[in-house]
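Q: Residue numbers (this note's numbering), protein chains in the order written: chain A, 1 to 382; chain B, 1 to 382; chain C, 1 to 304; chain D, 1 to 304.
Please note that a few of the clues may not be correct.
[To be verified] In silico DSSO-like cross-links for lysine-lysine, where the CA-CA straight-line distance does not exceed 27 Å:
hint	chain 1	residue 1	chain 2	residue 2
1	B	Lys193	B	Lys296
2	A	Lys134	D	Lys242
3	B	Lys296	D	Lys242
4	C	Lys43	B	Lys134
5	D	Lys242	B	Lys54
6	B	Lys130	D	Lys227
7	A	Lys193	A	Lys54
8	B	Lys171	A	Lys171
9	A	Lys296	C	Lys242
10	C	Lys43	B	Lys193
11	A	Lys193	D	Lys263
12	B	Lys366	B	Lys296
13	A	Lys2	C	Lys242
14	A	Lys54	A	Lys91
15	A	Lys130	C	Lys263
16	A	Lys91	A	Lys193
17	B	Lys2	D	Lys242
18	B	Lys92	B	Lys2
19	C	Lys242	A	Lys54
20	A	Lys92	A	Lys171
21	A	Lys171	D	Lys43
22	B	Lys171	B	Lys296
23	D	Lys242	D	Lys193
24	D	Lys227	D	Lys263
25	D	Lys223	D	Lys263
26	D	Lys193	D	Lys263
27	A	Lys134	A	Lys2
28	C	Lys43	B	Lys171
29	A	Lys91	A	Lys171
30	D	Lys193	D	Lys223
Just so you know, the hints here were simulated from the structure itself, not pulled from any lab data.
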Amino acid sequence: MKLFEYMAKEVFARHGIPVPPGRVVASPQEAAQVCSELGEVAIKVQILAGGRGKAGGIRFAASPAEAESLAADLLGREVRGLVVDRLLVEKKLAIDQEFYLAVAVDGAARRPVIIASTQGGVNIEEVPEKLLVKRHVDPAWGLHPYRTRQIGRRLDLEGAVARQFSDILLKLYQVFTGSDAELAEINPLVLQKDGRLVAADGRLNLDDDALYRHPDLPRVAEGSEVERRAQEAGLSYVELDGDIAVMANGAGITMATLDIIQHFGGRPANFLDAGGGAGVEPMAQAIELLLSRSPKALLVNIFGGITRCDDVARAIVKVATARGGLGVPAVVRLVGTNEQEGVSILREHSLEAYSAMAEAAAAVVKAAAGGNGGGADGHPGR
Amino acid sequence: MKLFEYMAKEVFARHGIPVPPGRVVASPQEAAQVCSELGEVAIKVQILAGGRGKAGGIRFAASPAEAESLAADLLGREVRGLVVDRLLVEKKLAIDQEFYLAVAVDGAARRPVIIASTQGGVNIEEVPEKLLVKRHVDPAWGLHPYRTRQIGRRLDLEGAVARQFSDILLKLYQVFTGSDAELAEINPLVLQKDGRLVAADGRLNLDDDALYRHPDLPRVAEGSEVERRAQEAGLSYVELDGDIAVMANGAGITMATLDIIQHFGGRPANFLDAGGGAGVEPMAQAIELLLSRSPKALLVNIFGGITRCDDVARAIVKVATARGGLGVPAVVRLVGTNEQEGVSILREHSLEAYSAMAEAAAAVVKAAAGGNGGGADGHPGR
Amino acid sequence: MAILVDERTRVVVQGATGNQGRFHLAQMLAYGTRVVAGVSPGKGGEEVEGVPVYDTVEQAVLHHAVNASVIFVPAAFAKDAVFEAVHAGLGVVVVITEHIPVHDAMSMLAFARHHNAVVVGPNTFGVISPGKAKLGIMPARAYSPGPVGIVARSGTLSYEIAAALTAAGLGQSTVVGLGGDRVVGLNFVEVLKRFEEDPGTRVVVLVGEIGGTAEEEAAEFTKGMAKPVVAYIAGRSAPPGKRMGHAGAIIERGRGTFDGKVKALESAGVRVAALPWEVPGLVASLLQAGPAPEPEARPPASED
Amino acid sequence: MAILVDERTRVVVQGATGNQGRFHLAQMLAYGTRVVAGVSPGKGGEEVEGVPVYDTVEQAVLHHAVNASVIFVPAAFAKDAVFEAVHAGLGVVVVITEHIPVHDAMSMLAFARHHNAVVVGPNTFGVISPGKAKLGIMPARAYSPGPVGIVARSGTLSYEIAAALTAAGLGQSTVVGLGGDRVVGLNFVEVLKRFEEDPGTRVVVLVGEIGGTAEEEAAEFTKGMAKPVVAYIAGRSAPPGKRMGHAGAIIERGRGTFDGKVKALESAGVRVAALPWEVPGLVASLLQAGPAPEPEARPPASED
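Take these sequences, add in the hints, and give me the full structure.
A: Below, the structure is given as structure tokens:
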């Protein structure tokens with residue numbers, strides 16, 4: 001789960017990391033108010049996407065009137081495909097130098113990694129490797145001050161700036177571990193003309209699997225309405241822009257199913273991993289969800305291990321019965337545990353099951369393109 | 001620094017370890033009041049010594065009147081050589097079983113050690129080794145629940161009691177690390193008849209060297225008046241019951257000096273390690289402190305490394321000058337850095353210096369016994 | 001021969017009395033795996049399928065010569081379970097549990113590495129050496145003994161491929177699930193290394209997916225391997241920025257793309273199947289072309 | 001020959017710009033120790049006695065072939081300094097600093113052990129191999145080169161004994177101060193082991209004191225030693241329950257008594273001196289009786 005900049009900065013500030021004075025606002029009047037308190041301000045759209053500066057999402061206002069008019073302009077606008085409903089209004093900084101500083105989970109190394117650079121304020125992916133300082137942290141021992149000094153030294157920091165940097169990095173690491181974060185990033189970390197370092201921008205991506213132990217941290221809903229419903233139902237669901245709805249069991253097989261649909265010339269409407277061992281009810285919910293987006297066809301691809309093929313069949317029948325038919329051509333591929341029972345249940349409702357993935361995929365692509373594709377149209381008992 | 005039982009329990013309770021309801025009191029009236037609130041109570045003298053139960057320092061009262069009279073009896077009394085000025089009045093427990101549980105610094109293993117036993121309520125040193133469960137904790141990884149379960153399992157705990165035990169041990173370990181403790185002990189850890197575990201007694205010995213980072217924890221003054229003054233002056237000083245005052249530099253050499261005095265038939269009045277590299281002023285203070293206890297003789301034994309012999313001589317002369325003479329025979333042994341200057345300074349004030357420890361020790365013993373011992377009587381300029 | 005687990009593996013199931021634990025303990029036993037103990041705190045003294053349950057792994061080790069564990073405990077307690085297994089000296093720890101917080105995973109994997117224990121997973125289907133031992137939740141009938149080693153990130157996709165190989169008469173030495181999380185104990189390279197050294201493996205199938213750089217690192221490693229490798233990579237059609245179920249399966253900031261992985265593998269000489277059902281054909285052709293298997297090491301004959 | 005430090009030891013002084021650091025850096029240099037760098041955060045670029053100062057140990061290691069450190073930083077920062085030295089790969093870390101919190105000590109010593117670094121101290125006078133290198137605060141003139149190894153808990157007492165040996169013409173191979181704290185990096189046994197293996201040491205003097213069980217463990221170890229050991233134990237006159245300066249020097253709950261230690265040592269064949277000035281005589285008699293020294297290992301002669 002990604003936090004908005006202003007939320008990340010609240011967490012940073014709680015840990016003692018200096019952030020610019022400012023407030024999050026939802027109206028032009030509030031923006032004017034903050035400007036009248038702070039003087040010259042930066043007005044920044046709060047969206048969960050990078051590159052907002054280039055997209056015009058960061059403006060500067062010298063007067064409350066200007067702040068009000070800029071805020072009015074930004075609120076409600078779309079930036080990077082996301083509607084702006086919140087702005088962070090902050091005192092404008094007198095920038096001397098910009099650094100990059102982050103702590104992230106390094107999957108390959110299985111350890112936290114600190115990434116720092118003198119090239120702050122830009123997308124870190126665009127900074128050449130030789131200008132990055134990377135240091136892994138052993139979870140057994142944590143981060144100690146000597147390592148933060150080493151990193152500061154590598155950035156050629158000296159004196160008071162080096163000490164501030166060291167302190168901020170120790171605190172950022174505390175934010176990272178203390179919040180169960182996947183990424184805690186300050187970009188840019190600004191050295192102001194008065195010699196003080198401040199976190200001018202902040203990102204904090206939290207581990208969804210650890211949110212349960214952080215009731216104090218804010219919650220941010222991501223994705224579309226349907227994606228959120230799916231998430232609440234415990235499904236792993238991603239919307240795509242095609243027209244063939246897909247349900248499979250297992251992330252890898254689901255991805256492969258999408259690839260195969262594409263291979264046969266079709267366009268998948270979604271990724272939906274029903275997981276291993278899901279029961280009738282969750283799978284029925286998942287199918288309902290897929291159908292709510294009005295696809296041209298539905299492919300259910302099950303290799304039954306823990307997942308029982310008869311449960312899959314019952315889920316399909318349940319939805320079809322409830323809706324008075326699935327409404328779209330449905331292609332079902334069933335293999336594995338209780339395969340025979342599943343196939344029988346489908347047959348009783350005039351649905352045919354495939355056993356080969358290739359055939360099923362070819363059939364669903366044909367069905368979506370207008371042909372029947374060998375599958376049923378999903379109206380049971382017809 | 002040792003905390004009183006009631007202070008230790010306050011720390012325990014802050015960490016979520018169950019302790020009996022109760023309050024510390026300093027008057028019989030308060031004791032009666034607590035008893036009227038809690039019903040039957042235990043009244044326990046608060047002293048920094050073990051074995052108070054056998055010494056009559058724990059009593060039980062069934063009524064406020066009884067509590068008042070017992071408290072009146074206990075307050076002001078001497079128990080184990082210490083005057084009682086505080087009592088802990090606690091609800092009396094219905095005891096089913098008593099356990100021992102502690103986390104301590106194991107110097108030999110260089111790691112924390114957990115010690116647990118089904119033989120609680122007695123001096124743990126008297127419990128046979130085979131009835132103790134000992135487990136070391138690697139500081140890199142800390143204590144995890146599985147180890148507390150293992151220890152509970154070794155004590156044959158089951159069900160809800162095992163879960164409570166595991167929880168209490170995890171919290172006691174947090175007390176230990178979080179307070180920079182040398183020892184965090186619950187003895188006995190009582191299993192009550194209602195099935196709940198409670199810390200019936202508590203010890204918490206803190207690391208003096210780490211007190212600076214625990215401003216929130218209470219301070220307890222230990223030792224005699226003179227010992228406290230010495231401690232405040234940063235001296236390592238221990239009172240003994242002899243009559244020859246001793247100052248040396250270094251803990252080992254100071255101990256050896258006491259041994260040698262005893263070897264020659266004398267009785268040392270104190271241990272005083274002036275430390276390495278002490279200056280004139282602290283050493284003068286130290287000598288003042290020794291003389292304040294009116295010893296029969298003074299031995300200063302210096303092997304000068306960082307400590308400069310001329311500084312030692314100046315300190316002695318300074319005290320003698322200020323007091324118009326040391327007032328007791330003083331034997332000085334000076335060897336090492338700036339030895340010649342030191343000897344010259346002493347000579348100028350008619351004080352003789354030895355170079356062999358044996359001779360110096362023999363001389364001071366003789367002087368304390370009434371002879372002059374070859375040293376000076378400490379009156380300069382005579 | 002096989003890697004990681006075989007007929008000498010003596011297994012404790014942690015979380016043996018939960019629904020999942022019970023079910024898969026029975027399945028593993030039925031497969032012939034030597035499941036000798038279960039562990040569930042507070043349930044010591046019970047039995048599951050005739051297997052004794054203990055409160056702690058320490059006790060299980062005291063009473064049985066356990067050398068591996070399969071963990072089914074809930075995510076919030078999984079880290080503790082891994083620490084317990086590693087502390088008890090078990091050499092292979094298979095973590096089925098999913099949704100373990102990534103900081104817990106980093107911590108428990110660091111502990112395991114410091115103690116030279118191999119952790120498979122978390123969020124893995126496990127490890128199976130067909131005909132010898134099954135430590136995990138995979139459907140037994142997809143597998144048969146043979147010379148093909150499989151290493152996969154994903155469960156069902158690898159079942160699919162194993163079943164296709166089995167159907168084609170191409171049995172497996174060992175099938176290893178790395179796990180679908182961003183941080184897992186074993187990576188492709190470490191498993192490839194073991195397959196390379198295993199006399200029972202003649203061809204290796206690598207089942208990868210988009211995201212991360214594990215496949216690229218594997219490609220680099222295969223350059224030094226004597227044994228041929230076949231790969232299948234899922235996620236060709238996945239758009240950037242969307243996480244496809246697995247924590248790792250996401251193309252972020254241009255890294256971990258399908259094309260990048262396929263290119264890396266192909267330029268290292270790996271045969272990459274465009275579709276899953278092409279794998280058996282590629283394996284069969286390589287088995288025919290490959291070197292003869294080394295004879296298995298045998299114990300010296302008894303002297304009496 | 002010597003143990004722990006010798007003429008090849010290349011030293012960084014951590015806390016080089018403080019009063020103590022400066023003074024002893026100069027003393028060590030004057031003794032001939034190869035002090036090649038100093039470290040003081042924020043003071044990089046300065047010099048102390050002509051020795052360059054760096055901000056970090058990492059930099060000192062980059063610029064010089066450092067393999068040992070002497071630490072003078074204040075107690076609150078000492079743990080960090082030890083971590084830094086060990087992380088940088090230094091094999092011997094001498095911690096002069098006293099009053100380090102014991103939890104810090106346990107942590108830094110655990111880190112050092114995990115990384116196979118030797119920590120001498122904390123609260124030690126250091127290590128000296130007379131004529132070769134001095135890493136610490138001991139007065140140089142108390143020592144001379146020779147065949148006696150000394151290991152002590154206490155500084156001044158060991159200076160006294162070393163000086164008496166030197167005066168008697170009995171030089172030292174190496175003198176090691178374990179440190180006066182309750183938790184220290186090296187114990188008697190570990191140092192005895194090194195002396196036993198050191199061709200340059202023929203007799204070992206152990207200077208112990210009341211408290212703890214280190215002397216008893218040492219006694220047990222000496223039973224297996226070929227080289228003779230002489231001991232002196234301070235604290236005969238100390239009453240129980242009183243801590244005599246050193247964190248360890250206290251008879252608690254009947255453990256660590258003078259009599260117990262002397263008995264353990266004597267029954268292991270160690271000659272225990274009743275008074276410090278008896279040590280040289282005992283050493284001299286053992287040197288006369290003992291085996292001839294092994295020839296020192298020499299580097300192979302150059303071929304040109």
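Q: Work down the list of hints and note, for each, if the structure agrees.
A: Going through the hints against the structure:
1. For the proposed pair lysine 193(B) and lysine 296(B), the alpha carbon gap of about 60 Å is over 27 Å, so the pair is violated.
2. The suggested pairing of lysine 134(A) with lysine 242(D) is violated, with an alpha-carbon distance near 51 Å, which exceeds 27 Å.
3. For the hint linking lysine 296(B) to lysine 242(D), the alpha-carbon distance of about 23 Å falls within 27 Å, and the restraint holds.
4. With a C-alpha separation of about 24 Å, the suggested pairing of lysine 43(C) with lysine 134(B) holds against the 27 Å cut-off.
5. For the hint linking lysine 242(D) to lysine 54(B), the alpha-carbon distance of about 22 Å falls within 27 Å, and the restraint holds.
6. Note on lysine 130(B) and lysine 227(D): the hinted pairing is violated, with a Cα-Cα distance of about 36 Å set against a maximum of 27 Å.
7. This hinted pair checks out: lysine 193(A) and lysine 54(A) have alpha carbons roughly 24 Å apart, not beyond 27 Å.
8. Distance restraint check for lysine 171(B) and lysine 171(A): the Cα-Cα separation of roughly 25 Å lies within the 27 Å cut-off, and the hinted pair is therefore satisfied.
9. A distance of roughly 22 Å separates the Cα atoms of lysine 296(A) and lysine 242(C); the hinted pair therefore holds under the 27 Å criterion.
10. Restraint check: the Cα-Cα separation between lysine 43(C) and lysine 193(B) comes to about 23 Å, which is no more than 27 Å; the hinted pair holds.
11. Proximity of lysine 193(A) to lysine 263(D) is assessed by CA-CA distance (about 71 Å); at most 27 Å being required, the pair is judged violated.
12. Between the alpha carbons of lysine 366(B) and lysine 296(B) the distance comes to roughly 10 Å, so the proposed pair stays at or under 27 Å and holds.
13. Proximity of lysine 2(A) to lysine 242(C) is assessed by CA-CA distance (about 14 Å); at most 27 Å being required, the pair is judged to hold.
14. For the proposed pair lysine 54(A) and lysine 91(A), the alpha carbon gap of about 20 Å is at most 27 Å, so the pair holds.
15. Proposed proximity of lysine 130(A) and lysine 263(C) is supported: the alpha carbons are some 25 Å apart, at most 27 Å.
16. The straight-line distance between the Cα atoms of lysine 91(A) and lysine 193(A) is roughly 14 Å, inside the 27 Å bound, and the hint therefore holds.
17. Under the criterion of a C-alpha separation no larger than 27 Å, the hint pairing lysine 2(B) with lysine 242(D) is consistent with the structure, at around 14 Å.
18. As the CA atoms of lysine 92(B) and lysine 2(B) are separated by approximately 25 Å, the hinted pair is consistent with the 27 Å bound.
19. Note on lysine 242(C) and lysine 54(A): the hinted pairing holds, with a Cα-Cα distance of about 22 Å set against a maximum of 27 Å.
20. With a CA separation close to 24 Å, the supplied pair lysine 92(A) and lysine 171(A) stays within the 27 Å bound.
21. Note on lysine 171(A) and lysine 43(D): the hinted pairing holds, with a Cα-Cα distance of about 24 Å set against a maximum of 27 Å.
22. Taking the CA atoms of lysine 171(B) and lysine 296(B), the gap is near 52 Å; set against the 27 Å cutoff, the hint is violated.
23. Note on lysine 242(D) and lysine 193(D): the hinted pairing is violated, with a Cα-Cα distance of about 32 Å set against a maximum of 27 Å.
24. Distance hint between lysine 227(D) and lysine 263(D) is fulfilled; the C-alpha atoms sit about 19 Å from each other, no more than 27 Å.
25. Pair hint lysine 223(D) plus lysine 263(D) holds up; C-alpha atoms about 14 Å apart against a cutoff of 27 Å.
26. A hinted pair counts as satisfied when its Cα atoms are at most 27 Å apart, and lysine 193(D) with lysine 263(D) qualifies at roughly 21 Å.
27. Only pairs whose Cα atoms come within 27 Å are accepted, and lysine 134(A) paired with lysine 2(A) is accepted, the gap being roughly 23 Å.
28. Note on lysine 43(C) and lysine 171(B): the hinted pairing holds, with a Cα-Cα distance of about 24 Å set against a maximum of 27 Å.
29. In summary, the hint linking lysine 91(A) to lysine 171(A) is supported, as the alpha carbons are separated by about 23 Å, within the 27 Å threshold.
30. For the hint pairing lysine 193(D) with lysine 223(D), the CA-to-CA distance comes to about 12 Å; that is within 27 Å, so the pair holds.
Checked against the numbered hints above, the structure violates hints 1, 2, 6, 11, 22, 23; every other hint is satisfied.
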